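Q: Here is what each chain is made of, one letter per residue.
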Amino acid sequence: MAGKLVRKKGKKAGSAPGTLVFSGASPDAEAHWQLLQYNLDSIEQLNLSSLQQLPPAKPDSVRWLNLCGLPGIAPIEQLGQVFSLHPLVLEDMLNTDHRPKVEAHPDYLFVVFKMLRFHPDSREIRAEQISLVLMEQTVISLQETPGNDFDGVVQRLLAGRRLRGFGADYLAYALLDAVVDHYFILLEQCGDHIEQLENELMTAPTTAVLAKIHHFKREMLLLRKVVWPLRELLSSLLRDENPLIKPETRIFLRDVYDHCVHIIDTMETLRDVLSGLLDLYLTSVSNRTNEVMKVLTMMASIFIPLTFIAGIYGMNFEVMPELGWQYGYALILGLMACIGGGLLWYFRRRGWW
Amino acid sequence: MAGKLVRKKGKKAGSAPGTLVFSGASPDAEAHWQLLQYNLDSIEQLNLSSLQQLPPAKPDSVRWLNLCGLPGIAPIEQLGQVFSLHPLVLEDMLNTDHRPKVEAHPDYLFVVFKMLRFHPDSREIRAEQISLVLMEQTVISLQETPGNDFDGVVQRLLAGRRLRGFGADYLAYALLDAVVDHYFILLEQCGDHIEQLENELMTAPTTAVLAKIHHFKREMLLLRKVVWPLRELLSSLLRDENPLIKPETRIFLRDVYDHCVHIIDTMETLRDVLSGLLDLYLTSVSNRTNEVMKVLTMMASIFIPLTFIAGIYGMNFEVMPELGWQYGYALILGLMACIGGGLLWYFRRRGWW
Amino acid sequence: MAGKLVRKKGKKAGSAPGTLVFSGASPDAEAHWQLLQYNLDSIEQLNLSSLQQLPPAKPDSVRWLNLCGLPGIAPIEQLGQVFSLHPLVLEDMLNTDHRPKVEAHPDYLFVVFKMLRFHPDSREIRAEQISLVLMEQTVISLQETPGNDFDGVVQRLLAGRRLRGFGADYLAYALLDAVVDHYFILLEQCGDHIEQLENELMTAPTTAVLAKIHHFKREMLLLRKVVWPLRELLSSLLRDENPLIKPETRIFLRDVYDHCVHIIDTMETLRDVLSGLLDLYLTSVSNRTNEVMKVLTMMASIFIPLTFIAGIYGMNFEVMPELGWQYGYALILGLMACIGGGLLWYFRRRGWW
Amino acid sequence: MAGKLVRKKGKKAGSAPGTLVFSGASPDAEAHWQLLQYNLDSIEQLNLSSLQQLPPAKPDSVRWLNLCGLPGIAPIEQLGQVFSLHPLVLEDMLNTDHRPKVEAHPDYLFVVFKMLRFHPDSREIRAEQISLVLMEQTVISLQETPGNDFDGVVQRLLAGRRLRGFGADYLAYALLDAVVDHYFILLEQCGDHIEQLENELMTAPTTAVLAKIHHFKREMLLLRKVVWPLRELLSSLLRDENPLIKPETRIFLRDVYDHCVHIIDTMETLRDVLSGLLDLYLTSVSNRTNEVMKVLTMMASIFIPLTFIAGIYGMNFEVMPELGWQYGYALILGLMACIGGGLLWYFRRRGWW
Amino acid sequence: MAGKLVRKKGKKAGSAPGTLVFSGASPDAEAHWQLLQYNLDSIEQLNLSSLQQLPPAKPDSVRWLNLCGLPGIAPIEQLGQVFSLHPLVLEDMLNTDHRPKVEAHPDYLFVVFKMLRFHPDSREIRAEQISLVLMEQTVISLQETPGNDFDGVVQRLLAGRRLRGFGADYLAYALLDAVVDHYFILLEQCGDHIEQLENELMTAPTTAVLAKIHHFKREMLLLRKVVWPLRELLSSLLRDENPLIKPETRIFLRDVYDHCVHIIDTMETLRDVLSGLLDLYLTSVSNRTNEVMKVLTMMASIFIPLTFIAGIYGMNFEVMPELGWQYGYALILGLMACIGGGLLWYFRRRGWW
Ligand SMILES: [Mg+2]
Ligand SMILES: [Mg+2]
Ligand SMILES: [Mg+2]
Ligand SMILES: [Mg+2]
Ligand SMILES: [Mg+2]
Ligand SMILES: [Mg+2]
Ligand SMILES: [Mg+2]
Ligand SMILES: [Mg+2]
Ligand SMILES: [Mg+2]
Ligand SMILES: [Mg+2]
Ligand SMILES: [Mg+2]
Ligand SMILES: [Mg+2]
Ligand SMILES: [Mg+2]
Ligand SMILES: [Mg+2]
Ligand SMILES: [Mg+2]
Ligand SMILES: [Mg+2]
Ligand SMILES: [Mg+2]
Ligand SMILES: [Mg+2]
Ligand SMILES: [Mg+2]
Ligand SMILES: [Mg+2]
Ligand SMILES: [Mg+2]
Ligand SMILES: [Mg+2]
Ligand SMILES: [Mg+2]
Ligand SMILES: [Mg+2]
Ligand SMILES: [Mg+2]
Ligand SMILES: [Mg+2]
Ligand SMILES: [Mg+2]
Ligand SMILES: [Mg+2]
Ligand SMILES: [Mg+2]
Ligand SMILES: [Mg+2]
Ligand SMILES: [Mg+2]
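If you read the sequences in order, they're chains G, A, W, E and H.
For the first sequence, this note's numbering begins at 1 and goes up steadily by one.
For the second sequence, this note's numbering begins at 1 and goes up steadily by one.
For the third sequence, this note's numbering begins at 1 and goes up steadily by one.
For the fourth sequence, this note's numbering begins at 1 and goes up steadily by one.
For the fifth sequence, this note's numbering begins at 1 and goes up steadily by one.
No lab work stands behind these hints, which were simulated from the structure alone.
Treat the hints with care, as some may be off.
Copies of the same chain are indistinguishable here, so a pair counts whether it falls within one copy or spans any two.
What the hints assert, rightly or not - With a straight-line Cα cutoff of 20 Å, these simulated SDA-like cross-link-like pairs (lysine to any residue) come out:
#: 1; residue 1: 246; residue 2: 17
#: 2; residue 1: 225; residue 2: 273
#: 3; residue 1: 8; residue 2: 120
#: 4; residue 1: 212; residue 2: 282
#: 5; residue 1: 217; residue 2: 275
#: 6; residue 1: 212; residue 2: 275
#: 7; residue 1: 8; residue 2: 193
#: 8; residue 1: 58; residue 2: 47
#: 9; residue 1: 8; residue 2: 72
#: 10; residue 1: 8; residue 2: 20
#: 11; residue 1: 225; residue 2: 275
#: 12; residue 1: 246; residue 2: 236
#: 13; residue 1: 8; residue 2: 182
#: 14; residue 1: 246; residue 2: 86
#: 15; residue 1: 101; residue 2: 254
#: 16; residue 1: 225; residue 2: 269
#: 17; residue 1: 212; residue 2: 276
#: 18; residue 1: 8; residue 2: 196
#: 19; residue 1: 101; residue 2: 238
None of the values given here were measured: they were computed from a predicted structure.
The task is simple: from the sequences and hints, build the whole structure.
A: As C-alpha cells, this is what we get:
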C-alpha cells in the first residue's frame with residue numbers, strides 16, 4: 001500500500017488552538033506570491049517575495065494573490081497580519097489534510113477544497129489542498145504544492161476582457177470551476193482504469209487483479225471524502241445569502257453545483273461497478289473450483305472402479321476360474337470399456353463436459 | 001462491455017464557463033427546425049433551416065419550436081440570441097451527458113431530461129438527452145438524435161382541438177408525459193429480459209448467464225441515474241410556485257409525478273430481483289460443487305477400500321493361507337460385495353442419492 | 001415464476017392524458033352498482049345496472065355507491081359525468097396497477113389502495129385495486145374484481161344503528177379499516193409459510209426449498225410496494241386539514257395508521273427472517289460440503305497408504321526377503337492395522353467424527 | 001423455533017372498530033385492582049375486586065390504579081365507563097401485541113410500552129405489554145401478565161415521602177423508568193449470551209452453534225421492534241407541550257430518554273456483533289474445508305505416485321530387467337522414499353503443514 | 001475477548017431516580033480536587049482534599065475545579081450541594097458508561113464525553129469518561145481515572161497570559177479541544193494497526209489474523225459509539241444560543257466541530273477498509289482452496305490412469321499376449337509417458353500451473 005491510511009499530523013495534541021503547525025512538504029522556504037490586479041480596462045502582473053512589497057489596493061480593481069507551494073509558517077503569519085485573518089483560518093491553511101469546507105467570517109469567506117490527480121503509474125488518486133479567501137475586492141488562493149493549478153484562469157484574464165468585467169466573487173467561482181472541471185478528467189481516468197481491471201478479470205482472474213481491485217476501491221474512498229464535502233460547500237455557498245457573492249454570480253455557482261452532483265452520481269456508479277467486480281471475482285473463483293472438481297471427479301470416478309477390477313484379477317488365489325478362460329482377458333477389457341464409456345456418457349448427460 | 005463507463009467530454013478543462021462545446025455525434029450540420037403555431041381555431045406547421053426565418057409570435061397563440069438531432073454549436077448560439085437565453089443554458093443544451101434538472105430563469109424555465117430506449121440486440125439501455133425551454137407562449141424542445149420522439153404529440157395537435165385549447169405549459173407537460181409513458185414500455189422490456197435471465201439461470205447456470213446478469217445490473221445503474229433526478233425535477237416543478245405553470249396544469253404534472261414514482265418503485269424491485277439472481281447463482285454454484293463432491297466421495301469411498309482388499313491378495317508372500325482355500329476367491333468377492341453394499345446403504349441413509 | 005415482473009399496460013404511450021384505457025380482466029361488461037343510502041333512522045339498499053337510475057341524494061343521509069368488478073370504460077365515463085370527476089381520476093380508476101395514493105380535489109378526496117390475498121396453492125400474494133371517492137355526503141368505492149370485499153361493513157350498516165350515526169368520512173374510514181384488518185390475516189399466513197420454509201430448510205435443505213425461499217422473497221417485494229405507500233397515504237390523510245374529514249374521525253384514522261405501522265414492522269421482520277434463511281442455506285451448503293469432504297478425506301487418507309503397502313508386496317522383484325518370512329504376511333497385516341488405527345485416532349482427535 | 005413469527009389475533013377482520021377483543025391468556029377472570037392514594041402526608045393502599053368499590057378522588061392526592069394480569073373484556077369496559085376512555089383506547093389495552101406509542105386525548109395521555117424479560121432456558125426474549133393512562137391526578141397501569149412489575153415503585157411510595165411529593169406525571173415517569181432500567185439488565189444478559197455463543201464458535205464451530213446464533217438474531221429483531229418505538233414515544237412526550245406533564249418532570253423524562261438512546265446504541269452494537277459471528281462462522285467453515293482439502297491432497301499426492309511405481313513392478317511382463325537386479329527392490333524403495341520426502345518438503349515449503 | 005460486551009451496572013433496577021450509584025473502580029477513596037483560579041493578571045493553584053476548603057469566587061476571575069479519578073459517592077454529593085447541581089447530573093457523573101451528551105440547565109451546562117486511548121498490547125481502545133460543568137465563571141471537570149488528561153491546558157494557563165484572557169466558556173472549549181486532538185493520535189494508531197493487519201493478511205492469511213481483524217472491528221464499534229454522539233453534542237453547543245457561550249468562543253467550537261467531522265470521516269474510512277479486509281480474507285481462502293484442489297486434481301488425474309494401466313498388466317490371466325512381447329514393457333512405459341505428458345500439457349494449457 002503506497003499511502004498511509006491516516007496522515008500523521010505534526011501538531012502535538014494539547015497545544016493552543018491557533019498555534020500554527022506546518023504539515024506540508026517543504027517548511028519555511030521562501031514564498032513566491034503572484035499578484036494580478038485588474039479591471040475591465042487594464043491588468044498588471046507582479047511577483048512578490050514578501051507581502052511587504054504588496055502595493056495598495058486600487059479602487060474599482062480586483063486583486064488576486066496566488067501562492068503555489070506552501071512555504072511554511074512565517075509567510076502565512078504575515079498574510080494573517082496584512083489581511084487581519086483569524087488565527088484558526090491560518091491554522092487551517094497550513095493543515096493540508098483538512099476537509100473541504102466554507103466558513104463565513106465578518107469580512108471574508110474562507111474556503112478549503114482539493115485538487116485531485118490520478119497518477120497512472122501507482123494507480124493512486126492524490127489530493128492537493130487549496131485554500132481560498134474571498135474579500136470585497138480581493139481573492140487569496142494558496143496551493144499546497146508547486147505548479148499553478150490555475151494557469152487556465154490566468155491566461156483567460158490576460159487574454160481578454162470578458163472575465164475582467166466581473167468582480168472578485170466571479171474570480172473565486174472561476175477557480176472553483178477550474179478544479180471541478182478537472183474532476184471530470186479524473187473520473188474518466190478512473191473509469192478507464194476500472195474497465196481495464198474488468199477486462200483483466202474476464203480474461204485471467206488472478207490474485208494480482210484482486211489486489212488491484214481492492215487497492216482501487218480504497219482510492220475511491222479518498223475520492224468520496226473529498227467530493228461529498230465539496231457538494232455541501234457549494235450548496236451552502238448557494239443557500240446562504242452572503243453579500244460577498246452577487247446574485248448574477250449565483251447562477252454560475254449553481255452550474256458548478258450541478259457539475260458536482262453529476263460527479264457524485266458518476267463516482268457512486270463507479271463504486272457500485274467496483275463492488276460488482278469483487279462479487280464477480282468471488283463467484284468466478286467458486287466457478288473455477290467447481291470446474292476443477294469436475295475434472296477430478298470424472299478422472300477418479302472412471303479409473304478407480306476400473307483399477308479395482310484390474311486389482312481383482314491381480315489377486316493370487318489358487319482357484320480363480322476366469323483366469324484360465326481363453327477369452328478372459330478380452331472379456332475383462334471389454335467390461336472395462338463398457339464401464340468407462342457408461343460413466344463418460346453419464347457425466348456428459350449431466351452436462352459436466 | 002459495449003459502452004464507456006464515463007463519457008469523454010470534448011471540453012478542455014479550465015476553459016471559460018459558457019464556452020460552447022459540442023459533445024454530440026454530428027457537429028455543425030444544418031439545423032432543421034420544426035415550428036408549430038396554434039390556438040383553438042387554427043394550427044400551422046413550418047420547417048425552417050435557420051432561425052432568421054422565424055415568423056413573429058402571434059398573440060393568443062402557442063409556438064412550439066422543435067429540433068431533432070443536435071446540429072452543432074452555431075444554431076444553438078443563434079437560438080440563444082433570438083430568445084435571450086443564458087450562456088450556461090446553451091452550454092447545457094450542447095452537453096448531452098447532463099443530469100436531468102429544472103432551472104428557473106426570470107423569463108423561462110429550462111428543463112433537461114432523457115428519453116430511454118432498450119436495444120434488445122445488445123441488451124443495453126441508451127439515453128437521448130432532451131432540453132426544454134418553457135416561456136410564456138413558447139416551448140422550445142431540442143432532441144439529441146434524429147427521429148422525432150414527440151410524433152404522438154404532433155399528431156394529437158394536428159388531429160383535434162383538445163390539446164390546442166391549453167397553453168404552452170400544458171404542451172411542456174405533454175412532452176414530459178410522452179417520455180415518461182415510454183419509460184413504462186422500457187420497464188416492461190427490462191422485466192421480460194430479467195425473467196428470461198432467470199429462466200436461463202434455472203435451466204443452465206453457465207458463466208455466460210452470470211456475465212449477462214452482471215452486465216444488465218450495470219444497465220440498471222444507468223436507469224437509476226436518469227429516473228431519480230427526474231422525480232426530483234417533477235417534484236420541484238410541482239412545489240415551486242412558478243407563474244409560468246398554471247394551477248390547472250399542476251394537476252396533470254402531479255399525474256406524471258405519480259407515474260414517475262411508480263416507475264421508481266418498479267425499477268427498484270427489478271434491481272432487487274437482479275441482486276437476488278446473483279445470490280441465487282452463487283448458491284447454485286455451491287450446490288453443484290456439493291453435488292460433484294458427493295459423486296466423487298461415493299465413488300472413492302466405495303472402491304478405494306475394495307481395491308485395498310484386492311491389493312492384499314495380490315501380495316506375493318509365500319505364506320498366505322487364504323490363497324489356497326477352495327472358496328477363498330468366492331469368499332473375498334462376497335466380502336467385497338458386502339462392504340460396497342454397506343457403504344451404498346450408508347450414503348443412501350445420509351440422503352446423498 | 002407465476003406472474004410477470006412488470007405488468008403490461010394496454011395504453012399506447014403518447015396517447016392523450018385522460019384517455020381512458022382499461023387494464024382489467026373483463027372489459028365493457030355490464031356494471032352492477034350497489035347503492036346504500038342511510039341515516040340514523042333508516043337504511044335502503046338498491047341495485048342499479050346504470051347510473052341513470054341513481055335516485056337523488058336525500059339531505060342528512062349518507063350515500064354509498066359500491067361496484068364489485070370493473071366493468072370497462074363506459075360505466076366509469078358515466079360515473080365521471082354524474083359526479084363531475086376529473087378525467088385523470090377516471091384514468092387512475094381503470095389503471096389497476098396504480099400505486100396507493102390520496103389526491104385532494106376541490107370537492108372530493110380520491111384514494112387508491114389495494115386488497116391483498118395470499119393464495120396458498122401458488123404461494124403468491126395477489127393484489128386487488130380499490131378506488132375510493134369521498135364527497136360531503138357520498139362515498140364511491142370501486143373494486144377491481146367481483147366479490148364484495150366490504151361485506152362486513154354492509155352487514156354492520158344493516159345490522160345496527162352505530163355505524164349509521166357517523167358521516168361519509170367515517171364510512172370511508174371503515175372501508176380502509178376493513179382492508180388493513182385483512183393485512184393482519186395475510187401477515188399471519190406469510191409468517192406460517194416462512195416458518196414452514198424454515199422447517200423444510202432445517203430437515204432437508206434441497207434446492208426446491210431454495211427456489212421457494214427465493215420466490216417468496218419476491219412476493220414480499222410486492223407486499224412492500226403496497227404497504228409503504230399506504231402508510232404515506234394514511235399519514236397524509238391525518239396531517240392535511242381537509243374539511244371533508246371531521247376531527248372525531250381523525251382519531252379513528254390514527255388507529256388505522258397505527259395498525260399500518262405495526263404491519264410494516266412485522267413485514268420488515270419477516271423480510272429479515274427470509275434473508276436470514278437464505279444466508280442459513282448458503283452456510284448449510286458449505287457445511288455439508290465440508291462434511292462430504294471429511295468423509296472422502298478420511299476414506300482416502302486411510303486406505304491409500306494401506307493400498308500402497310499392499311502394492312509394494314505385490315511387486316515381482318526376485319530378491320524381496322520379507323516375502324519369504326514365515327510371519328511376513330501377519331506382520332504386514334498388523335502394520336496395516338496399526339497405520340489405519342493411528343489415522344482413525346488422529347481424525348477422531350481433530351473432531352472429524 | 002419456540003414462538004410464532006406473527007401473533008394470531010383473535011379479532012375477526014371487518015368487525016366494528018372499538019369492538020373489544022381479548023388476545024391475552026386468561027379471559028374474563030376476576031380483576032384484582034390495586035389502588036394507592038397518597039400525598040406528602042399520608043398514603044393508603046386498597047385491593048378492589050371491582051371498580052364499583054372505587055372510593056372518590058381526594059383533592060391534593062394522587063391516585064394510582066394498578067392491575068396485574070389482564071382479566072378479560074368486562075373489567076376493561078367498566079374501566080372505560082368509570083374514566084370516560086375512548087373505545088379505541090380500550091381496544092388497544094386488550095390487544096397485547098400493540099406497538100409502543102403515546103396518544104394524546106383531551107383529558108388524558110394513553111401510553112403503551114413493553115416489559116422485556118430474557119428467559120435463559122429457551123434463550124428467548126419475552127415481552128409483556130403495559131398500558132398507562134395519565135390524568136390530572138390519576139395514573140392507571142395495566143400489566144398483561146400476573147406479577148407486579150412495579151414492586152420497586154410501590155416500595156418507594158410506602159417507604160418514604162420523597163416520591164410522594166411529586167404529582168401523577170412523576171409517578172408515570174417512575175413507571176417508565178422502572179421498565180427502562182430493566183432493559184439494561186436484559187442487555188447484560190443478551191451480551192453474556194452472545195459472548196458465550198462466541199466462545200462456543202471459537203472452540204467448536206458446530207451447526208448447533210449456528211442454529212443458536214440464527215435463533216438469537218431473531219430474538220434481537222423482537223428487541224428492536226420494542227425499543228425503537230419506545231424512543232419515539234419518549235421523544236414525543238418530551239417535545240409535545242402537553243399540560244399534563246410539568247416542566248420539572250420533563251428533566252426526568254429526558255433522563256429516561258437518554259437511557260433509551262444508550263440502550264439502542266448497545267442493542268445495535270450487539271446486533272453488529274451477532275452479524276459478525278455469522279460471517280465468522282462462514283469463514284471458519286471455508287477455512288476448515290481448506291484444511292480438510294490439504295490433508296487429502298497431501299495424502300493423495302504422496303501415496304498415489306508411489307502406488308503407481310509399485311504397480312509398475314507388479315506387472316507380469318516376461319521381460320522386465322529391473323526385476324532380476326540384486327538391489328532392484330532396495331533401489332525402488334529408496335526412490336520411493338526420495339519422492340515421498342521431496343513432496344513432503346514441497347508441501348512444507350508451501351506452508352501446508 | 002478482553003472486555004465485556006455490555007458493562008454491568010451496579011444500580012439495582014427500580015431504585016429511585018437520582019439515587020447515586022458508583023460504577024467506577026475505586027469507590028469512596030479520598031478526593032483530590034485541583035483548583036486553578038486566574039485572570040489576565042494572576043493565577044493561583046490549590047489542592048483541596050474537601051470542597052469545604054473551597055475559597056470564595058473572586059470577581060473577574062475564572063475558577064477551574066478539576067478531579068482526576070472518581071473517588072466515590074460522598075465527594076460528588078458534596079459537589080452537588082456546593083454548586084446546587086441537579087441529582088440527575090450527579091447520577092450521570094458517577095455512571096461512567098454514559099453516552100456523550102450536553103444538557104442545558106438554568107444556571108449551567110452539563111457535558112459528558114470520553115477520552116479514548118489505544119492500548120497497543122491488547123490492541124484495545126479504552127474509554128475514560130469526563131464530565132464537565134460550565135457555569136458563568138466556573139468550570140468543573142471530573143475524570144474517571146487518575147492521571148490528568150488536561151496537563152497541556154494547565155501548562156498553557158501557567159505559562160502565559162493568552163489563554164487567561166478568555167472566560168470560562170473558552171476554558172471549557174480548550175478541554176474539549178484537548179480530547180478531540182487526542183482522537184487524531186488514536187486514529188493514527190488505529191490506521192497503523194490496520195495496515196499491519198493488512199500486511200499480515202497479504203503475507204500469511206492465518207486464522208489468527210482473522211481473529212485479530214474480527215476483534216478490531218469490534219473495537220471500532222466502540223469508537224463509533226463515542227464519536228458520533230460527540231458530533232451531535234458539539235453541533236448542539238453551536239446551534240443552541242446558550243448565553244453561557246460567547247459569540248467569539250463559538251468560532252473556536254466550530255473548529256472542534258470541524259475536527260470531529262474529519263475524525264468521523266476517517267473513522268468510517270477505516271471501518272470500510274476493515275470490512276474490505278474480511279472480504280479479502282474470505283476470497284483468499286476460496287483462492288487457496290482452489291489452488292489446493294488443482295494440485296490434488298493434477299496429481300490424481302495423472303497417476304490414477306497410469307496406475308490403472310499398470311494394474312491391467314498386473315492381472316494374472318493365463319492368456320495375455322502383450323506380456324510375452326519382447327518390447328511389451330518398454331512400449332507400456334512409453335505409453336504411460338505419453339499419457340502423463342499429454343495430461344500435463346493439457347493442464348498447462350488451462351493455466352493450472
Ligand atoms: Mg492507497
Ligand atoms: Mg485547534
Ligand atoms: Mg481548524
Ligand atoms: Mg492532502
Ligand atoms: Mg500535494
Ligand atoms: Mg465547469
Ligand atoms: Mg454497458
Ligand atoms: Mg461550466
Ligand atoms: Mg451547466
Ligand atoms: Mg446522452
Ligand atoms: Mg440517442
Ligand atoms: Mg403518462
Ligand atoms: Mg394517473
Ligand atoms: Mg452478499
Ligand atoms: Mg410471483
Ligand atoms: Mg397520463
Ligand atoms: Mg392489481
Ligand atoms: Mg384481483
Ligand atoms: Mg383495524
Ligand atoms: Mg423466538
Ligand atoms: Mg380497529
Ligand atoms: Mg388501536
Ligand atoms: Mg407477554
Ligand atoms: Mg432509569
Ligand atoms: Mg474488546
Ligand atoms: Mg434514572
Ligand atoms: Mg442520567
Ligand atoms: Mg467508560
Ligand atoms: Mg478509564
Ligand atoms: Mg483541536
Ligand atoms: Mg458479506
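Q: Hint by hint, say whether it matches the structure.
A: Tested hints:
For the homomeric pair residue 246 and residue 17, the shortest alpha-carbon distance between copies (17 Å) is at most 20 Å, but the shortest distance inside one copy (33 Å) is not. In this assembly of identical chains, residue 225 and residue 273 lie within 20 Å of each other by CA distance both inside one copy and across copies; the values are 18 Å within and 14 Å between. Within a single copy, residue 8 and residue 120 get their C-alpha atoms only as close as 25 Å, which misses the 20 Å cut-off; across copies the closest is 18 Å, which meets it. Taking identical chains as interchangeable, the C-alpha atoms of residue 212 and residue 282 lie at most 20 Å apart whether they share a chain (14 Å) or sit on different chains (16 Å).
Proximity of residue 217 and residue 275 under a CA criterion of 20 Å is satisfied in both settings, with 8 Å inside one chain copy and 12 Å between copies. For the homomeric pair residue 212 and residue 275, the shortest alpha-carbon distances inside one copy (13 Å) and between copies (17 Å) are both at most 20 Å. Taking the closest pair of Cα atoms, residue 8 and residue 193 come within 20 Å of each other only across two copies (14 Å); inside a single copy the shortest separation is 29 Å, beyond that limit. In the homo-oligomer, the alpha carbons of residue 58 and residue 47 lie at most 20 Å apart inside one protomer (17 Å), although the nearest pairing across protomers, at 55 Å, exceeds that limit.
Taking the shortest Cα distances, residue 8 and residue 72 sit within 20 Å of each other inside one copy (17 Å), while across copies they are farther apart (39 Å). Taking the shortest alpha-carbon separations for residue 8 and residue 20, only the intra-copy value of 16 Å comes in at or below 20 Å, while the best inter-copy value is 42 Å. Taking the shortest Cα distances, residue 225 and residue 275 sit within 20 Å of each other both inside one copy (18 Å) and across copies (17 Å). Proximity of residue 246 and residue 236 under a CA criterion of 20 Å is satisfied intra-copy only: 15 Å inside one chain copy versus 24 Å between copies.
When the C-alpha separation of residue 8 and residue 182 is checked against a cutoff of 20 Å, the pair qualifies only between copies, where the shortest distance is 12 Å, while the shortest distance within a copy is 27 Å. Within a single copy, residue 246 and residue 86 get their C-alpha atoms only as close as 24 Å, which misses the 20 Å cut-off; across copies the closest is 16 Å, which meets it. With identical chains, the CA atoms of residue 101 and residue 254 are at most 20 Å apart both within one copy (17 Å) and between copies (11 Å). For a Cα distance limit of 20 Å, the shortest separation of residue 225 from residue 269 qualifies both inside one copy, at 16 Å, and across copies, at 9 Å.
Taking identical chains as interchangeable, the C-alpha atoms of residue 212 and residue 276 lie at most 20 Å apart whether they share a chain (14 Å) or sit on different chains (13 Å). Taking CA atoms no more than 20 Å apart as the test, residue 8 paired with residue 196 passes between copies only; the shortest distance there is 16 Å, against 33 Å inside one copy. Proximity of residue 101 and residue 238 under a CA criterion of 20 Å is satisfied in both settings, with 13 Å inside one chain copy and 16 Å between copies.
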